[in-house]
Every structure is written in structure tokens, then in C-alpha cells.
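Novice: Heads up: the protein sequence lines correspond to chains A and B, in order. For the first sequence, the positions run 1 to 259 when the numbering used here is used. For the second sequence, the positions run 1 to 972 when the numbering used here is used.
If you're looking for bench data, these hints aren't it; they were derived computationally from the structure. There may be inaccurate statements among the hints.
Claimed, not checked - If we take Cβ atoms under 7 Å as the criterion, some of the chain A residues that face chain B in the derived model are:
id: 1; residue: E73
id: 2; residue: G109
id: 3; residue: P113
id: 4; residue: W124
id: 5; residue: D126
id: 6; residue: R168
id: 7; residue: P170
id: 8; residue: R226
id: 9; residue: Y249
What the hints assert, rightly or not - Here are some chain A residues the structure puts well away from chain B; computed CB gaps all over 10 Å:
id: 10; residue: Q32
id: 11; residue: P43
id: 12; residue: T72
id: 13; residue: G90
id: 14; residue: R149
id: 15; residue: P157
id: 16; residue: I177
Yeah, the Cβ is synthetic: ideal placement off N, Cα and C, and Gly gets one too.
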Amino acid sequence: MAEPRVLVLRAAGTNCEAETSFAFEQAGAKTQVLHVNRLLERPAVLHEYGLVVLPGGFSYGDDISAGKVWATEIQDALGDHFRRFIGRGGLILGICNGFQVLIKTGLLGLEDPATKAPTATLHWNDSHRYEDRWVRLQIDPALCVMAPRDKAHLSVPVAHGEGKILGRDPSVVPRLIASHRAVFRYVRWDGGPATYPANPNGSEGHVAGLCDPTGQVLGLMPHPERALFPWSHPAWTRENRRFEGDGAYFFRAVVAAMR
Amino acid sequence: MRWQIVVAPRPEVPDSHGAVLRKKLLGLGQTGLASVRTARLYLLDGDLDHAAATVLASRLLSDPVAESFSIHAWDQYRGDAPGSVSVFKKVGVMDPAEAGILRGATSLGHPLLAAKTATRYELVGIPAALLHRVAEASLANPAIEEIQVGNDRFPVKSPSVRKQVGRKELPLARLSDAELEAISKTRGLSLTLLEMKAIQAHFAKLGRPPTEIELETLAQTWSEHCKHKTFTSAVRYHGPTVGGVEDGQVIPNLLKSTIKAATEALAKPFCLSVFHDNAGVIAWEGNQALCFKVETHNHPSAIEPYGGAGTGVGGVIRDILGTGLGARPIANTDVFCVAPPDLPAESIPRGALPPLRVLRGVVSGVRDYGNQMGIPTVNGAVVFDPRYVGNPLVYCGTVGLLPTDKIDKTVKPGDLIVALGGRTGRDGIHGATFSSAELHETSEADDAGAVQIGNAITEKKVLDIVLKARDQGLFRAITDCGAGGFSSAVGEMGAECGARVHLERAPLKYDGLTATEIWISESQERMVMAVPPAQWPALEKLAASEDVLACVLGEFTDTRRLELYFQGELLGDLGVEFLHEGVPRFIRDASWSAPAREAEAKLVADPEATLIRLLASPNIASKEWIVRQYDHEVQAGSVIKPLVGSRGQGPSDGAVLAPVLGSTVGVAITNGINPWLGDLDPYWMAFAAIDEALRNLVAVGGDPDHCAILDNFSWGNCAKPDRLGALVRASLGCRDAALAYGTPFISGKDSLNNEYKVGDTTIVIPPSLLISAIARVPDVRRALTMDLKSKHSRIYLVGHSTSELGGSSFLRLFGRRGNEFPKVSRELAPRLHRTLHQLVRGGHLLTCHDLSDGGLAVAAAEMVLASDIGMTVNLGPLLERGHLSPDAALFAESPTRWLIEVAESEAARVEAAFRGLPCLHLGSTQAEARLRILTSDQSAPLIDLEATTLEVAFREPLARHLEGLVTESTHG
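In isolation and in its complexed conformation, chain A is listed as follows (with noise of 0.2 Å):
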């Protein structure tokens, strides 16, 4: 079988590719770092990868509000091949930044059909701070190809100021979550209901990533290129030597779904 390739594209102020390129070819990946600029002159390039990567970062500088510029430029001129992309089978993995684009996008589906307007979105943390911290995450691999199977949790950290999933009105996240779609959910330690800082940012259902119908599109706001050694976690220097971190997991669970 052809080695998986995947394709992590930049921007200005992007700042996860490197980790997350390392991420991906650990697990197997081939993989490219592209400046969107090389993209948007020859869109094509697209369907030699079977995954595209929306890295982390501060797209054009997130003044507006976070990921809106980058995702406008890709609605405009790269949407209609992304469409095709994803038709053809491909793959797209936004993290943090990267899912704030993708959520702003509509890739994502989540426009109500008969209005086509967005019903969900990426909004302001509830503390409106930006907070670097570690989260535990349910997963729902029932819809998601990507998401990892025969593994219940990951501990992963969470880095963003405006992470908190807001639906347009109270029935849009449950309905989101009774359809699978919400891949990874925030949760206690101990088993508790997850509120802050378990619940890092507020988040409608305590959900920190979703996919799209298809699920092959998906978006989450934690970092698993940030969890990916022995080393990684906060509290390593109190446990036996892990073998490795929860992030280097799940890479290769995505790895896996491009097989």
C-alpha cells in the first residue's frame, strides 16, 4: 500500500507545523510543510496528499476573531477543492487554530440546510483569557475515521483563548453529541462532571473537537502534538516512565484511518 502522505499547510502565523509535521511522521506519515501562498497558485497540489493538516498558531493574527481571515481566504478561493478533496476520500484534521479555521469555513457541515447558515461556532473562552493547561478527553469513535478506537482517553493540553463551542440556539450541541459528531469531549479526572477547569473554556456539552458528517473532516482545540513523549505530560515526574504520550496515540490512530 502507498505511504500515507500528508500535507500540513501554513501561514502567516501558524506556529504548530514543525511539531505537528514530527507528529505525523512518527507515526508513519510522509509528510509536507506548504505555505498557503504555494497552494492557492496551484490548488491541485491537494490531491497528492490524502490528508491535509490546519497546524495551530494565530492565522493572520486572529484580530478579528480567531482563524475568520484564514478562513475566509479558504472558502474563497480553495473551498470548491477542498469539497473535492474530501469527496475523493481525503482527510482534514484541523488543531486549535487550525479547527477554528475549519469550524469558520463550513467544512465542517454544520450549516443548517433549509438557511445555510453557520449553527455553531468557535467563541471566547468563558474567562475571555487565553490558558495553556492539561484536559482529559472522552472519545466517541463511532462517526470520526480518525478517531482513535481501542482507547478511551487522552490527556492532552489545551492552549487558546477562544475555544468554547457555542451552538446558535441550546438544541444544536446535543444534537451534534446524540449524533456522534462530537469526537472528543472534555471530562474529569475522577469521573466528575467537567466543569471549569475541566471544562477549560466554557464549552456547550463539553466538547472539544467535532467532525463533519462524512467523518472525515475533523477539528479539535486541544494539542495532542504536544503530548507526544514520555516527557510530555505535567505530571511525568510522579508516574513510572509512561512509553509514550497520549499525543503520539492518537497520530497514529489518524495514520491508521489514511491506511
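With the hints as your guide, set chain B onto chain A.
Specialist: The following block gives chain B in isolation, referenced to the frame of chain A:
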């Protein structure tokens, strides 16, 4: 035409920004405030009709799920917004949002000429008459922003257009001393009379007057900021003998005789480049070297904390990018010195910002710039003392990785002078000379030109291009535009050969800058490179491919002259010898005498209450509220984080990174600072700060035989002999400590005018020496944290405990300074550091925590609260052998001490390693999560407190001050 767009949260969506502001304003005493509603304001300028403006508003500027918007033709818009204040940026102030808006608008098919952003606040419950005052006190900074009450229509003004005056001569020939001084003062040159006279004499010899741009160039190049005149001049020392220097002795060049002398004497082979480049460089692993630089950005941060701290971060990152042929930044470290958050309003002098506002501002500035650059902020400190009220200190540091074959740079005649990055505006004119002057009550109004707002994304783009161009070999030398702008960067690069500059070629933010303004502007995010002409086409193409501006300003020459042209006219022509070597040297007098003795007093301190008060005091209390706002994990190399422990509640001694992904070789970064010992004796303060930085390094796993340190001196006005005397003693302390530890200085910086004048009173900061340390960590899997690991292990106190309490946190609780203070033992300390490191490196310890502020009791409390494991300590051996009082045993801050946790199975090995060195078995850990400190096995405990009590005391105070919020956390 222009359109004003107003974007606000939909009514059913909570306004989190408003809610946070409300809490903050309530905390500032605005008790009538019922709610705060915020809105973002945009002004779009371009060829737009209503339909196009609607597309931009709905698709680019607002979020359809969370927000609603309104559109107004600006010409006809009245802007009535009763009960609100709107905050706009002043003309010429950087608006980082503009570039993104322009890009988004272009991709939607509606390109714009310009865009502006602003914020509107509706403060429900605040009387209209108070709105302006409230806004000025907490929502806007008049130094950079404009406030409108009751109206949200954008004001539109343009930057003033100054006429190009061409070559302007300034005859100095017949001027008196007073007239020369007046010229320096009115032009803001910060040149002394001696320097003005040297310039006068030089041009008399040339037989022509200097031109305006020549005088400005000399002022920039000769500024204290750029030339470090105090540190590189001769000093006559008066005072008690110190470090071999006797009363009346002249030290020829303070820096060379002390700090640099130590580095030279040590001659460490791992030092690859010291003191001459933008950062110090040491060997690390394989073909990778480490660079480290820490800068001060004090004066700009005093006027505008957010912009000052942000551009401080941006500036030191550019230093790393401008080291060798460009290093890759891998970590940031930031240390702030501010007045205590609860300083009473009457203690805040006129014209100074309240300390909480300063602290919130600098934290936000570091957060926004550092996070956007994708560089983890891994280490820092906050020091609180009332004397920082007018002169807060902001130290920004960056570590970089540099391939060892990219350390050397050369400039060859014929190389093109290429400017890369941001455009040039009027921002930051006279930053170099301003930072070399004292602040006073009207500084804020006078010096608005010195204030800048950074644009991190511009710098991130520059970073990406510099590293690519470096690897493709497209340039021969590089440096950053910092203080003095092009004048310093081009001047330094051409110092050996000469340079010809055509100033009209610089890309400008707006029209109407004079040639002199272009030359000395300190606009951010610019680098200067020496590019062989054959490589220019490739560099130009590379920069353009990622939307980065690059332009050829001129060329380096072999004329040994700095020639400045504007539109073909020669405006300035200075010989490089006079420019770089012509600054007159002088001997300054320095004096020091020990401070007057404080009257002894009997203190009655309840040990438990004292410990709780110490844990809650701002200098010791948890900085979690700050730390969590910094991205400390980007780049994925984090090993020891700033917050450690079972739930991330403990304060780490230092940071460890494994910056090359997949490798287990690491870097440790720590700092040490103790201004209160500076009040007692700056010589021993230097020892203490170095010991603190190094013992933190050792605690987390750094190798004391492969480490280096940086000095950063923030001082009062060193033209005054007593300030300079303190500086002499501190410098000698630095030299002697570096020699004792065998640890070289590799770079440093000074900021020597931190005094604040109100009327006849001057507030002088305490002598503030920051030592920043960096070390190789042989194997990150052996790195250690400070939280207890096991319920059945032994606790040892490593190091010698003494009874002096002078300068301690304990005495400060009682408003006292003390007299006798602890001193580092130069024989014992280096041996302890190395012995402990061998044990850490061998994996023989479970936990290591250094003792600093608050002494043994605070360190033990931190270990317990960080781990949910208990500890019992018996002070008996200390009280008997050391003849210490219980207060001293608990709270004295004797240096070179650690508490270590040792598994029973390793106890014999650890005790053997410390044979002949002070190391006491003081106690053990236990399942019950409480701290118990006894004086003997039989007596009632001095301290018996639950871990949760300690944790609440430690974690809540700063968060409460900064936000009124209680933090808690869990690990996944």
C-alpha cells in the same frame, strides 16, 4: 468611501469580555457598575458600496452564530452612543488587526485601502459624568489611545506631513556651554556637555557645521543604551575594600575589569561567542549551539505597559534572530519588577500608572507577542517592591538554537544593505536616548513618540524568511533594528568598512516622514542584512513569496564613512572612527558605604500565621494566573513546566526543554534576583542572585559544568556617586562569583536611569540585578520537579544554615530590613552544586527544591502543597548544631540550600556523596497531606497545617488581585 461597522454579541450570547471587565472595574471600586457590554468597531476605507460593506461585515468581521452587526456610511453617521465610551488608537499607532482585514477583504473580492479597529464599552450604572475618568483609569491609555464619551464614530486624522528640509546644518562653532546643553535638551539628544563639546571640536576641525542628521546619528550611537558608557568608562571607587578594590582606586573599564575579565579568565571551551554579537553563544549538542539574551524594556513599559512589554519581547526575539546568521528562538523568559498590587492610592506618584494596571498590561503584552510568535514562555519571576512604582522593570529574554557553522558573520564592501520586515513610521523616535533619561511626572505626555505597539505576525513572517534565507546562504550578516533603528543597525554593521544609505528607499507606513525620522525611527519588526548582490534576486523572491517586505537601502562601502542620502542629496557624511570611537571617556566617582544599622527589635511571630502570611505575600504567592496565559508548550519540547505537581499547583524551580524533537538532550533555563540584599550590600547581592539562578539549574537537572549566565543591571541614575558605587560593588560581586562557580557570563545589558521625579522627591529603584542562567541537561529523563513523590521517603536539607535574617521576606513582613545578612560561601557553594548535580544526574533523588524567599518553611510548604503528600520535619539538629533560633531555622534565607526527597534505598548513597559537606536528615514524607515542623520528636509542633490550607494561602492572593478569581486545576 468609508463605512463604519459595529459588531456586538447577540443578546442571548454572554459577553465574556464585558463580564471580565466588570469584575475588574468592581475591583477598582466602581461599585455602581451593573454590567458592561462591549462592541468592536471597524472603519473600512475603499471602493465599497453598501452591498460590498455588508459582505465584509457578515462574512469577515462578525461571527453569525455569536454576533450581530450594523453598517453605517461613515460620512452620514452621527455615532450617538449614550452611556458608552469608545477607545480609538491615536494617529500613527500600529493597528495589528489591519493587515488581516485587508487580506480577508481581498480574498472576498473587495480590496480595501485601509481599515481601523476600535472598541466600544457600555458601562451600565456609571454616571455619564464619570465615564471619561473611568475609561482613562482602566480602559484606555492616553499615551496611545483616544477616548470618546457617548459617541462611537471613528475620528479620522492623518499623520502630520513634515516638509523635507533637505540638508540642514546646525552651526555649533561659537556656542557657549549653556547653548550646547540647550540644543541637546530641546532636541531630546541626551548628550552630555562633554559629548556636545567633543562634537563641536570635531566639526571645528573639519571646518564645517554638523548637519541635523549627523547630530542625531551621533546622539543615537553614543547613547547610554547603545554605548553603555557607564559600564565601559573608568570609575574611581570610594568605600570599604571590596573584591580587591581599595578606597580611591580607579577601575579603568568597569565591564572589562569585572564581568568580561571573569569570562576571559575562565576561558571555557564551550563559550563560542561572548559579548560581541546580539546574544551570547555556547556549545550545546552536536552541531547546535545555544544563544541567550535578556533585554530590559523598562521605560516604554512604564508609559504603556502593554506595548512596552510586547515590543520588549519582540526586540529580544530579534536579537536572537540577529545572532550569528540567525538563530531559531526556542524559549522566552520574562521577569517583572513592579510595586505591590495593594499599594495605597496615595503612594502612587502623579503621572505613574497604578501597579495592578502595570502588571496586567505587561502580562498581556508578553502573552500576546510571545504566544503569537509561537515561542514558549517557560520561565520568569515577578518581584514586588514599592520603589518600582514609577519605574516598573520588564526583562525579556529569548533562547535560540544556532547551527555552529552559522555563528560567524562578515560584511564585505559591495554587499547590499537590505531592510527586511515592517514599514517605517514615526513610532519610537528617540527610544534610545529616551531610555537613557530619567522619567518624571509629565513623561507620559512628552514621550508618546517613544511608545510603540508591536505586530507579532509581521515578526513571525520575518522569522520564517530569515531562517530560510540563512539555510540557503542568501546573506552574509544580519542584525536587528532595535534602539536607534536603521542608524544603529546600519552604523554597527558598517563600523569597519563604511556604508552608503539612500533613505527615500525605505518602505514607509505613511507619507511625510523626514529623512532624519526615517533614519532614527524605532518602528518594530525590522532586520538589516548584508546581501551579496548576486544573492539579492533570490532573497527578494523568497521574501515576496511569503508577503514579506524587502528593500535595498544602499550598500556597504570601503570608504570608512557613513554617507546618508535623501533623493540624491548628501545629508550626512561621518567618519566611522569618530562615530564609533569618538565618544569622550571620563572618570566618574563612585562611593559606597554600608547602610546605617537598623535598631534591633524583638519580633514576636507565631510560626503558623507567619508561614501563611509568607505564602500569601505577593513575592512568594503563586504566579499561576500569569503563567497559564502564556503558551509554555508550543514547539512541543516542554519537559519541566513552570507549574508542576500533582495538579499543576506547584511552582517550578526552572524550565527544562528538549528542543530537538526526538532527542533527550535538554536545556535548562532559570533566573535569580534579590534587590533587598542590594540594599545591604550589592557585592553579596550579586553572589546571591548567581547562586539562586545556579541552584535552580541544578535542582531541575542542569549541568553546572556546562552552563552560562547573563547579567542585567537595572539601576538608579549612575551619574550620582552612590548609585555608581553600588554598581561597582555588584559588578565585582559578579566577577568574583563567576570565578568561584567557574560559570562564565556570555552577554548582558544595563538600564541605568530608573528614577522617578515628582516635584522635589525622587523615587529610586533598589539595585536590581537579574541573573539569567542556561545549562545543558545531559538527559531530560533525569530532570526533577519540586513536588514530593512518595509517601515513605526521607527528607534531607542540603547546605549550611545560618541565623542572619537581613533582607529576608520574614523581616519584610514586619516592615524591617535587618542588618546581618547571609553570604554565599565561595568555597562551599560550588562543591555543593556539583555534588548535588551528580546525584540528580545519576537518578538518585526523587525531588529537589531550592530554598529561597521564605526559607526552609516556605520551601517545605511548597513541596507539600504541590503533591498532596505530607512531610514532617524535625528542626532539632539545626537548632542544636547551628545554634539557630526557631525563627531563623524556619525563615532565614541562607543561600545554597535545597530540600531533597530520597528513597530509603538511596539514602546510604546520598549520605556518602555528601560526606564532609553539610547535609542533614531532617525528616520524612507521609501519606497524610500536611506539613508538620517540630523542634524535637517530643515537643508540640511549631507548624502543623493541612496541605489544602497551604495551597489556598499560596494560590489565591495574586489571582484575587488580578481578577477576583479563584483558580483551581486538574490534570487529565
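Novice: Quick check on G109(A) please, does its C-beta sit within 7 Å of some C-beta on chain B?
Specialist: Status violated, d = 15 Å.
Novice: Please check whether R168(A) passes as an interface residue: C-beta within 7 Å of a C-beta belonging to chain B.
Specialist: Because about 5 Å separates R168(A) from the closest Cβ in chain B, which is inside the 7 Å limit, the hint holds.
Novice: Do the numbers back the hint for E73(A), that is, is its least Cβ distance to chain B under 7 Å?
Specialist: Holds. Min distance 4 Å.
Novice: Hey, does the D126(A) contact hint survive, CB to chain B under 7 Å?
Specialist: Check passed: Cβ of D126(A) comes within 6 Å of chain B, closer than 7 Å.
Novice: Report holds if the minimum CB distance from I177(A) to chain B is greater than 10 Å, and violated otherwise.
Specialist: I177(A) is indeed farther than 10 Å from all Cβ atoms of chain B, at 17 Å.
Novice: Against chain B, with CB atoms and a cut of 7 Å, does the hint on W124(A) hold up?
Specialist: Cβ of W124(A) sits 5 Å from chain B, so the hint holds.
Novice: Check the non-interface label on G90(A): least C-beta distance to chain B beyond 10 Å or not.
Specialist: Since the minimum Cβ distance to chain B is about 22 Å, G90(A) lies beyond 10 Å and the statement holds.
Novice: Under 7 Å is the threshold here; is the Cβ of Y249(A) close enough to any Cβ of chain B for the hint to stand?
Specialist: Violated, about 13 Å.
Novice: Say whether it holds or is violated: P157(A) keeps its Cβ farther than 10 Å from all Cβ of chain B.
Specialist: violated, 5 Å
Novice: For Q32(A), is the shortest CB-to-CB distance to chain B above 10 Å, so the non-interface label stands?
Specialist: It holds; Q32(A) is separated from chain B by about 15 Å at its closest Cβ, greater than 10 Å.
Novice: Quick one: work out the minimum CB distance from P43(A) to chain B and report holds if it exceeds 10 Å, violated otherwise.
Specialist: Check passes; 14 Å lies beyond 10 Å.
Novice: Let's test the interface hint: is any C-beta of chain B closer than 7 Å to that of P113(A)?
Specialist: With a minimum Cβ separation of about 16 Å from chain B (threshold 7 Å), the hint on P113(A) is violated.
Hints 2, 3, 7, 9, 12 and 15, counting from the list given before, are not met by this structure.
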